[in-house]
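Novice: Chain by chain, the residues run as shown.
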Amino acid sequence: MRHLIDIKDLSIQEIDELIKVANDIIAHPDKYSEKCHNKKLATLFFEPSTRTRLSFEAAMMELGGNVIGFSSASSSSTAKGESVSDTIRTVGCYSDIIAMRHPKEGAPLVASIKSTVPIINAGDGGHNHPTQTLTDLLTIYREKQRLDNLTIGLCGDLKFGRTVHSLVTAMSQYKNIKFVLISPEELKIPEYLKEGVLEKNNIEYIQTDSIEDSIAKLDILYMTRVQRERFFNEEDYLRLKDYYILDKEKLKNAKDDLCIMHPLPRVNEISTEVDDDPRAAYFRQVRYGKYIRMALILKLLEIE
Amino acid sequence: MNIDSIKNGIVIDHIKAKNGLEIFNALKLGELDCSVAIITNAKSKKMGRKDIIKIDKSIDLDLDILGYIDEDITINIIKDDIRVDKYHVEAPKEIVNIIKCKNPRCITSSEQELDQIFVLTDKENKKYRCKYCETLYNQN
Numbered sequence: 001m002r003h004l005i006d007i008k009d010l011s012i013q014e015i016d017e018l019i020k021v022a023n024d025i026i027a028h029p030d031k032y033s034e035k036c037h038n039k040k041l042a043t044l045f046f047e048p049s050t051r052t053r054l055s056f057e058a059a060m061m062e063l064g065g066n067v068i069g070f071s072s073a074s075s076s077s078t079a080k081g082e083s084v085s086d087t088i089r090t091v092g093c094y095s096d097i098i099a100m101r102h103p104k105e106g107a108p109l110v111a112s113i114k115s116t117v118p119i120i121n122a123g124d125g126g127h128n129h130p131t132q133t134l135t136d137l138l139t140i141y142r143e144k145q146r147l148d149n150l151t152i153g154l155c156g157d158l159k160f161g162r163t164v165h166s167l168v169t170a171m172s173q174y175k176n177i178k179f180v181l182i183s184p185e186e187l188k189i190p191e192y193l194k195e196g197v198l199e200k201n202n203i204e205y206i207q208t209d210s211i212e213d214s215i216a217k218l219d220i221l222y223m224t225r226v227q228r229e230r231f232f233n234e235e236d237y238l239r240l241k242d243y244y245i246l247d248k249e250k251l252k253n254a255k256d257d258l259c260i261m262h263p264l265p266r267v268n269e270i271s272t273e274v275d276d277d278p279r280a281a282y283f284r285q286v287r288y289g290k291y292i293r294m295a296l297i298l299k300l301l302e303i304e
Numbered sequence: 001m002n003i004d005s006i007k008n009g010i011v012i013d014h015i016k017a018k019n020g021l022e023i024f025n026a027l028k029l030g031e032l033d034c035s036v037a038i039i040t041n042a043k044s045k046k047m048g049r050k051d052i053i054k055i056d057k058s059i060d061l062d063l064d065i066l067g068y069i070d071e072d073i074t075i076n077i078i079k080d081d082i083r084v085d086k087y088h089v090e091a092p093k094e095i096v097n098i099i100k101c102k103n104p105r106c107i108t109s110s111e112q113e114l115d116q117i118f119v120l121t122d123k124e125n126k127k128y129r130c131k132y133c134e135t136l137y138n139q140n
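Protein chains in written order, with the numbering used here: chain Y, 1 to 304; chain P, 1 to 140.
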């Protein structure tokens, strides 16, 4: 039985295979509409989320399966003090596969140790969010027709932004990837990623605090939101939340085939005037998220 | 200064000076019912200064704790006044319930019955990360 806790759990070949299946689902949705007949997905969201939970639920429904679950810790037995392991063992009796989000880092790993069904990490605090990464990889593939030879700009909260951490880890496996890390000093990428992933794999990267200075060389611009829930100090959040706002003016020097991505939800880091620009891929990215989750559910349930 | 030699027991040698007491506490040697000597700041040709621990009894040592605290130490096993074995330790790949994760966002901060597991992620610089949240353990 396989789980997906960290994007590193998947080999590059497995990621490529998931992307291949997702592409096939996009091309032939009818072929997959009954693949999960009589299967149940439990979505255990100990922390609020709209997009990820609905994406998982829509994915399972489009595979012909059913969905059970809860959408906040207060409506689960956690409110009574139940441990993650006990909740998972219980839910495993009702479902075939579990997607869980938890505010504590490492909670899905704890869940996977005792689980009798596959666990998908749907986000654990500021740590990992592997299905967002798979979404991002499918988006890059669909928009650029390749996953190698790319210069990727990551902008905003690179410290707490788990989507950024997983994406850096995953893309570092592909050939000739360069990163431009755009953030204020306080939100720079953690040392463990710089040492353990970028430097270890000899990946070329630069750190800067300016979008304008670096936008012309980018193939991908991945914007992120500064997340209030990751700050202990409201003052720091207010000071940093509007540090970057992508607008038409800043895009003037960008490549014609730049792909602008964002894991969403957006607050104001991308001006709405950018939404109609054909380079804005973030709403297409949402759609790709459902397809890659369909491919992942099939893989973990070992359904051909 | 003279410390009697031991007839049957263990001599933990080549401990970095000042690490002796930490090892004494971590191995809970104060709870043994035999003589235990800690010699600190002993002269050493190889190290300048070193600590030594002598345990007047054969016991099972937790090599993970020793390897984590000081991987340069030497362990000598003494039987009938003769050294019958000598070996070195190395930094363990994984340590359980020796150090605690300090990340307030880690699952171990709210579920305290979980084992505190740390994984050696950088052997050269002896860096350990929490298995759950991957936070680097910082002794300070």
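Please note that the accuracy of each hint is not assured.
Here are the simulated lysine-lysine pairs, BS3-like style, with alpha carbons at most 30 Å apart [as the list claims (entries may be wrong)]: (1) Y:LYS114 x Y:LYS8; (2) P:LYS127 x Y:LYS188; (3) Y:LYS175 x P:LYS127; (4) Y:LYS159 x P:LYS102; (5) Y:LYS8 x P:LYS102; (6) P:LYS126 x Y:LYS178; (7) P:LYS127 x Y:LYS200; (8) Y:LYS200 x P:LYS54; (9) P:LYS102 x Y:LYS114; (10) Y:LYS159 x P:LYS123; (11) P:LYS93 x Y:LYS159.
Keep in mind that the hints were calculated from the coordinates and are not lab data.
Novice: If any of the earlier hints don't hold here, list their numbers in rising order.
Specialist: 8
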